[in-house]
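So the chains spell out like this:
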Amino acid sequence: MQPDGTRHWRRTKHLMWVMFTLWLFFSFIIHMFVYQLNSIVIFGFPLGFYMAAQGSLIAFVVMLFTFARLQDNIDRQEGFAEE
Amino acid sequence: MESAAANKADGDFISNLGRIYTLYTGGFFAFVIVLAILEQLGVPNEYIGYGFVFLTIAVYAVIGVISRTAEVGEYYVAGRRVPAVYNGMATGADWMSGASFVGMAGTLFLLGYDGLAFVLGWTGGYVLVAILIAPFLRKFGAFTVPDFFAERYGGNFARLLAVIVLVCCSFTYVTAQIYATGIIASRFLGMDFTIAVYVGLVGILLCSMLGGMKAVTWTQVAQYIVLIVAYLLPVVILSTQKYGIPLPQLTYGQAIQEIGLLEQSMVTNGLADPATLKPHVKPFTTYDPLNFFALIFCLMIGTASLPHILMRYFTTPSVREARKSVAWSLFFIFLLYFTAPAYAAFAKLEVYSDVVGRPISDIREWLFNYGAIGLIKVCGVDAVNLEAVKAACSNIAGHPGVLRLQDLVIDPDVIVLSTPEIAGLPYVIAGLVAAGGLAAALSTADGLLLAIANALSHDIYYKMFDKNAPTFRRLVVARVLLVLVAVAAAYTASTKPADILSMVAWAFSLAAAGIFPALVLGIWWKRANTMGAVLGMIIGFGFCAYYLVGTRYFAPGFYETWSFLSNATPAQIAKFAELQAACAVDAAQCAAFDKHAQTIANWWGVRNISAALFGLPLGFLTIWIVSLLTAAPSQKIQDMVDATRQAAGDTIIKDKDAILPPG
Chain H
1 MQPDGTRHWR RTKHLMWVMF TLWLFFSFII HMFVYQLNSI VIFGFPLGFY MAAQGSLIAF
61 VVMLFTFARL QDNIDRQEGF AEE
Chain B
1 MESAAANKAD GDFISNLGRI YTLYTGGFFA FVIVLAILEQ LGVPNEYIGY GFVFLTIAVY
61 AVIGVISRTA EVGEYYVAGR RVPAVYNGMA TGADWMSGAS FVGMAGTLFL LGYDGLAFVL
121 GWTGGYVLVA ILIAPFLRKF GAFTVPDFFA ERYGGNFARL LAVIVLVCCS FTYVTAQIYA
181 TGIIASRFLG MDFTIAVYVG LVGILLCSML GGMKAVTWTQ VAQYIVLIVA YLLPVVILST
241 QKYGIPLPQL TYGQAIQEIG LLEQSMVTNG LADPATLKPH VKPFTTYDPL NFFALIFCLM
301 IGTASLPHIL MRYFTTPSVR EARKSVAWSL FFIFLLYFTA PAYAAFAKLE VYSDVVGRPI
361 SDIREWLFNY GAIGLIKVCG VDAVNLEAVK AACSNIAGHP GVLRLQDLVI DPDVIVLSTP
421 EIAGLPYVIA GLVAAGGLAA ALSTADGLLL AIANALSHDI YYKMFDKNAP TFRRLVVARV
481 LLVLVAVAAA YTASTKPADI LSMVAWAFSL AAAGIFPALV LGIWWKRANT MGAVLGMIIG
541 FGFCAYYLVG TRYFAPGFYE TWSFLSNATP AQIAKFAELQ AACAVDAAQC AAFDKHAQTI
601 ANWWGVRNIS AALFGLPLGF LTIWIVSLLT AAPSQKIQDM VDATRQAAGD TIIKDKDAIL
661 PPG
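Chains as they are written, first to last, in this note's numbering: chain H, 1 to 83; chain B, 1 to 663.
These are calculated hints, taken from the structure and not from any lab test.
Mixed in with the good hints there might be a few duds.
[Unchecked claim] Using 27 Å as the maximum straight-line C-alpha spacing, the simulated DSSO-like pairs for lysine-lysine come out as follows:
1) B:654 to B:467
2) B:654 to B:496
3) B:636 to B:526
4) H:13 to B:496
5) H:13 to B:595
6) B:467 to B:636
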């Protein structure tokens with residue numbers, strides 16, 4: 001298969017936007033609901049507080065390992081991976 | 001021949017990294033145990049403290065000296081041989097500053113929920129680094145961040161602008177780090193502050209001068225191990241003591257519940273003033289929502305723009321490793337940041353349950369240790385000893401004779417430093433914390449220093465003045481500049497310039513507004529051209545700097561110019577006029593006037609720390625509009641952008657002196 005730069009870039013962009021949206025969600029949007037989330041308490045943590053102190057951070061870490069794997073798949077499938 | 005032998009030795013080193021650093025970590029634990037035994041045998045605390053500080057610095061220095069190099073590629077990008085996991089650790093140490101280590105938990109202690117803006121802001125930015133920037137810069141093959149600007153945006157003017165932004169945001173930051181080493185050493189070892197600053201300087205230079213990026217990388221890995229052990233150990237022990245589970249990040253939920261109950265009972269018992277008590281989990285008690293989210297935003301974008309972080313990803317063997325490395329970086333950083341709120345909660349529980357509410361005559365002893373160095377005030381005076389505190393409290397009309405929350409003022413730095421004492425742990429743990437704090441400050445200083453000095457030696461000297469400089473001369477110039485910058489930063493730090501945290505905070509907004517738009521659009525928008533990028537950098541950075549400096553140092557003038565955008569209330573406006581009149585008559589009143597003006601010199605109430613909220617969109621907008629109004633970049637540049645976007649293939653920039661591994 002001939003490597004197709006356009007398709008590779010389209011898929012790369014798509015993945016970027018998915019990650020970007022998740023980033024927006026865990027950085028800002030979820031914390032806008034802190035009052036509502038705080039009414040739920042898990043292990044003593046009000047959920048709104050927990051999301052800012054740990055939840056979003058865990059999400060970021062998981063997102064980045066997933067991103068590295070998915071982008072690598074795209075590179076391989078489209079023939080742009082490093083040997 | 002000699003360099004081939006060196007390369008082989010390096011190859012052995014790289015393939016044995018796991019064993020070497022496991023041995024190192026084991027050795028470090030053994031060292032802690034030996035010091036603990038010595039303490040039990042009656043060796044004075046002072047010597048234990050010195051043992052920690054000097055031995056750890058000596059180890060870093062040895063690593064720095066072993067990693068010396070005579071090759072340009074090794075000096076600037078560690079030969080691009082650093083595996084993802086180790087680069088992640090090095091980035092963690094590079095990133096977490098003395099202030100993060102010592103002050104973060106204290107900030108959370110004081111601000112409660114609102115302080116979490118820092119925790120979020122200093123982690124989430126790595127998502128942007130990974131998805132928008134780092135892998136592409138690695139493919140580009142730059143030595144420094146300004147290299148990219150020069151190549152993408154038509155040469156040395158863009159390079160110069162990038163260097164200016166880089167130096168502006170990194171120099172204040174490195175000064176703050178050297179200041180932090182001085183503070184830590186003077187507090188723990190009773191060293192004179194100025195001497196401590198220069199001891200820190202020597203430590204930094206030994207790590208970075210001979211081996212550049214290569215040496216800094218391997219010392220930063222060693223420093224990360226020390227700092228994370230030092231950060232986690234006290235709070236893990238505390239959690240086990242209190243709740244029987246060595247996972248403070250989980251158990252502090254219970255502490256939060258207890259804090260909530262204590263907050264209520266303190267108010268009903270008259271031990272806390274409901275007007276000033278900030279409930280720990282209640283949002284927006286310090287920042288309004290606009291400022292809370294603006295702060296998160298600016299810190300995140302700033303993270304993704306700071307050159308000393310971005311350049312770490314130039315050192316990985318491949319684009320793929322660069323991506324993985326960002327993930328590892330964030331993981332290692334996360335370990336500290338998700339523990340910081342646990343520190344804050346445990347310390348708060350201790351203060352609310354066992355410090356507040358005691359009779360003044362029976363006040364907790366450990367307060368005096370920190371009162372003596374000006375970090376804890378009781379009833380308005382430094383809590384030097386019991387007599388001073390008693391006298392001060394009895395001077396307060398209607399004081400009930402028991403310590404109330406409002407009587408107590410705690411410096412944020414106390415929280416991490418005092419946790420070992422609160423938990424009743426031996427001094428050796430306190431010494432460990434000091435070593436961790438030093439590791440955090442030194443490693444960040446190393447990275448920043450290298451970013452500045454490399455920009456000056458590679459971008460200014462080599463690329464702009466002496467393109468034919470031989471390898472030897474390039475490396476000599478790089479080292480001389482490194483020493484000069486380091487000495488300048490140490491000297492500045494020794495003069496104890498303004499508030500350390502505010503200086504660091506400025507760096508984020510400056511980097512975000514000056515670098516981020518041109519960097520991201522340079523990769524993601526082929527149409528971005530030189531004119532757009534140059535103007536975007538000048539306007540974004542200039543605007544941000546104007547807001548920072550204007551609201552802080554020229555507050556009355558800034559307010560008068562922009563009063564229609566300020567969020568000042570009628571009462572504040574009246575007070576402004578009143579103080580202004582007072583200042584005109586009596587110069588002694590002008591300080592109060594300026595201080596008040598700073599609270600209302602703003603646009604829509606946005607705090608000065610979030611200045612990039614204005615500079616950043618303006619930078620993007622300028623690049624977009626100007627680029628569209630002027631000619632598209634040449635086909636050559638556009639092809640280069642295409643190549644940047646694909647992991648496979650050679651790097652874009654090739655340096656004649658760089659001896660780098662194939663592939």
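The hints, checked one at a time:
no.	hint	verdict
1	B:654 to B:467	holds, 14 Å
2	B:654 to B:496	violated, 42 Å
3	B:636 to B:526	holds, 11 Å
4	H:13 to B:496	violated, 47 Å
5	H:13 to B:595	violated, 48 Å
6	B:467 to B:636	holds, 22 Å
Hints 2, 4, 5 from the earlier list are contradicted by this structure; the remaining hints agree with it.
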